[in-house]
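Asker: Residue numbers (the working numbering), protein chains in the order written: chain G, 1005 to 1351; chain C, 1343 to 1668; chain V, 9 to 331.
Honestly, the hints are just simulated from the structure, not real lab data. All values reported here derive from a predicted model rather than from experimental measurement. Do not rely on the hints blindly, as some may be mistaken.
From the derived model, a few chain V residues whose C-beta atoms are all more than 12 Å from chain C [stated by the list, open to error]:
#1 Ile40
#2 Ala58
#3 Lys59
#4 Leu118
#5 Arg190
#6 Gly217
#7 Leu227
#8 Leu270
#9 Phe275
#10 Val308
Here chain C is said to cover these stretches of chain V; the calculated rule only asks that three of the stretch's residues, wherever they fall, bring their Cβ under 8 Å from a Cβ of chain C [to be verified]:
#11 195-201
#12 246-257
Glycine included, every Cβ here is placed at the ideal spot set by N, Cα and C.
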Amino acid sequence: MNVLEVRDFSIEYGLEEAAVHAVRHVDLDVVRSSVLGIAGESGSGKSTLVYGFTRLLRWPGVVAGGSAVLRVLEDDGTERDVDLLAATERELREIRWSQISIVLQSALSALNPVRRIAKEFDEVLRVHRSGLDRHARRARAVELLDMVGLDEDRLDRFPHELSGGQRQRIMIALALALDPQLVIMDEPTTALDVVTQREIVDQLFELRQRLGFAMIFITHDLSLLVELADEIVVMYAGEIVERASALELYSAPRHPYTLGLINSFPPMHGERRELVGLPGSPADLALLPTGCSFHPRCAWAMEVCKTASPKAQPVGDTGRLVACWLHDGIREVPVELRRSVPQRQPL
Amino acid sequence: MRVIGRRLALYVVTAWVAITVNFVIPRLMPGNPIQTMIGKLTNQVTPQEIQAIRSAFGVGLSQNWFTQYWHYLGQLVHGNLGVSITLSTPVTTVLGNAIPWTVGLIGVATVVSFVLGTVSGALLGWTRGSSLDNLIPVATFFQAVPYFFLGTVAFLIFSNHLGWFPGQGAYNLSLTPGFHWSYIASVLRYGELPAFTIILSSIAGWMLGMRNMMITTVGEDYVLMAVAKGLPRRRVIWHAARNAVLPSIANLSLAIGLVVSGALLVELVFNYPGVGDLLFHAVSNEDYPLIQGIFLVITLCVLAANFLADLVYFSLDPRTRTAAVV
Amino acid sequence: MKRLRLPRSPKVLVGVGIELFFLVLTVIGPWIAPYNPSYNGFAQNLAPSAKHWLGTTALGEDIFSQLLNGARATILVAVVAGLVATLIAMIVGISAGYLGGKADDGLSMLSNVFLAIPGLPLLIVLDSYLPQADRSNSLILGLVIALTGWAWGARVLRAQTMSLRNRDFVEASRIIGESRWRIMTVEIAPNLLPILASSLLFTILYSIGAYVTLAYIGLTSTSVWNWGTMMFWAQANNAPLVNQWYWFVPPGVCIALVGAGLALINFGIDEFINPRLREAGLTSKVLRRAGLSRRVRLGVTPVLRETSSPRRIHRSLQAGVQR
């Protein structure tokens, strides 16, 4: 059962000839109560994608094609489909935060600097839960802070009086305020130190177990997704290049880019690995290479890669997808890209 | 609290500078203008008054500057600003009559201008690319028009030609002042055109400043967050505007100085019996005691208004309470 | 040093056009004036005619000649005052921002004091004590005006310098061992150019207003023709009351135009400094062609429908797209 279905989704910046194709024909499914990780470098389109289907993308971004449907599970067990692209502003306002919430990348800039934290909670509860009175709202805010391990006195502070980790926890608590069905996290740990990162990720894991919401976790650090995500999607230059379960992707990547990403970050635990970065820099969306967008940086690039763009094909029988000419069934797959998946978690 | 203390200290220092400027300038200027002035006076003024002027300006005195300065400060503390030569009344009395008119006119006009300007600026900043944007060149033009010119043109069109407004004075002179409705109504009526002139001249500054700040603020993440929360649109605009208005309030100090300067001239055009009118009169007749008295009082009033604006700013922006402010 | 993308919006071009026009007038004004502006032998209070384009004053002088002559003094004093004030602002502001500490405290106090004291009253006090002879000297007047108008620029420059001081490239220069003076002039100053330009224009705007106001009150020498003096005489002869608009309206309009031109250019500079203010291709034609309503609202990202023309994905070499 999917809580979100995105099909053939494309986003452009600007109009007509000058348009930059930031997201190209993306298909995405988020299973209810599961965690989907979206990984990729800066400029890969991962943030643009989610802002796009939530209609929060700033001008001059426009949705250029495709569909995005949110499946809301009502209290009585029935499902209601919300066409996110056709929704009116009022309809969007109704499901925003109550069904889909989002944790922005920088907590410091996402919180209004002149207002106390309590106001942020109070406001969203007042707008969406009109039945609650002032005390009930405060009680709920305290409850939410407690969920993320913060004391009530944080409520009366201003954002600049709190540490980065505390702010991020507050953002998470805020995101859960209305018990949404889907929570989107846009690089929530990028600005934090490694230790705090760990704490936040653990916290998220625990919260998700407890409350059962679905989560989309966007990051450029694959290692974070390994334990947290059920399924991972890797994006490059606005397209999805690989999709697989977390275990499969991390232990047995099939796409050269995925391999490069994995090798760029050392895991917290596990064996020491040689750190090999990815040569070159991310593709310029305004001037994409011909054929496969990744071929200039790919160690295994072939002639066909320069002229034709690979489609995402199933690999194996577990529902994995890879968009790479190496896996078209005809050629020899390099040994690094055909590891077998271990039977247990690689920790 | 420390921050407020620092601002207060600044204003005290500024007041002191103004007072000292008043003391030093006549003594520094070449050509001995005071002597000339006294020379012209001897017929109309009593010897005591001449002596008072002498001591106030340090002309023909044997004491050194320090003693004179001390004496000068002492006079100020007693509220003695000297005697106006041309009007033969104490400066404080003359100012006392004029100040209420000026404060009333400028106060009301500034508040209205600020409110209208920031509200329209906020709307302009939010609704970018709409037909409202055509207001911008119009506003820019009016911003560049000198206050007194606008006043003169307004007088010409609305008072002289169309007769919609009375052109001169603060109230109908046939009425006696007092707390009765016909007087108050007359005051309001006579104040409309001058106030309108001041508002029109100053509103552009607020509007454009607020518009620019609004556009910048709308680009901030917390505004996007407010939208993502599903808040009603009016609420989102409020969030943005409330943050965008802060620089306008911070700039109030500079703006007050400019508005006051311009408004004084408007008084001139409309013969409004305020401080501006008085200043012109003093300047034309080289009535130095009056000029200096006016300068001092205007400065002190502007400083007081600045301080009020600062207090408002501090209460609105909590970030100033912990960090040091410019 | 980033590439200078000069603003090209119509507002700026109009502003520049206006200023160029008046600059030319400043130079050639007195030459092309039909008569000597001080000659008072004409018939008094004539309405505009072919012989006197703007009529004559109550003393029998040709108004149009006065207008043309007036450009020079007005604009010259304003520019001089603007330059001097901006120079002072640069020295005080940049030093305060870069040096920090006690120097900053002192200089900031100085600028704040000058900022708080209202400009016009101070100007009047200073000017009323000037001997008559000096009042016709444009340079001295310019200096006095500059003294009252530098503080705002100093504050803005200080703030900008402080934010630049902590940037990486300045750090790098410090580490290499460049002298403080060199850092200030070579590294920081060029990045302040847009703000400096804006400050200069704003100060010139203020100076014109100040100068004209002084003239209007009668504090400048009446032997030098400027637009403010024209209005002084007009007011003194009750021109508004007798509907002699052609006497005081033209100089006022000229002042307003010069000021408006400056403000428009400043607009352009603002957009250059703050990229968010730029238009970002929001022209209504483009929007309508794409099938979008006139305004794009935050939180409602537009969704294009299939009516638009097929778009091509940019490739570095044109090749077929396989999908």
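Asker: Determine for every hint whether it applies to the structure shown.
Answerer: Now for the hints, and whether the structure bears them out:
no.: 1; hint: Ile40; verdict: holds (25 Å)
no.: 2; hint: Ala58; verdict: holds (25 Å)
no.: 3; hint: Lys59; verdict: holds (25 Å)
no.: 4; hint: Leu118; verdict: violated (10 Å)
no.: 5; hint: Arg190; verdict: holds (27 Å)
no.: 6; hint: Gly217; verdict: violated (6 Å)
no.: 7; hint: Leu227; verdict: violated (6 Å)
no.: 8; hint: Leu270; verdict: violated (7 Å)
no.: 9; hint: Phe275; verdict: violated (7 Å)
no.: 10; hint: Val308; verdict: violated (9 Å)
no.: 11; hint: 195-201; verdict: violated (count 0)
no.: 12; hint: 246-257; verdict: holds (count 6)
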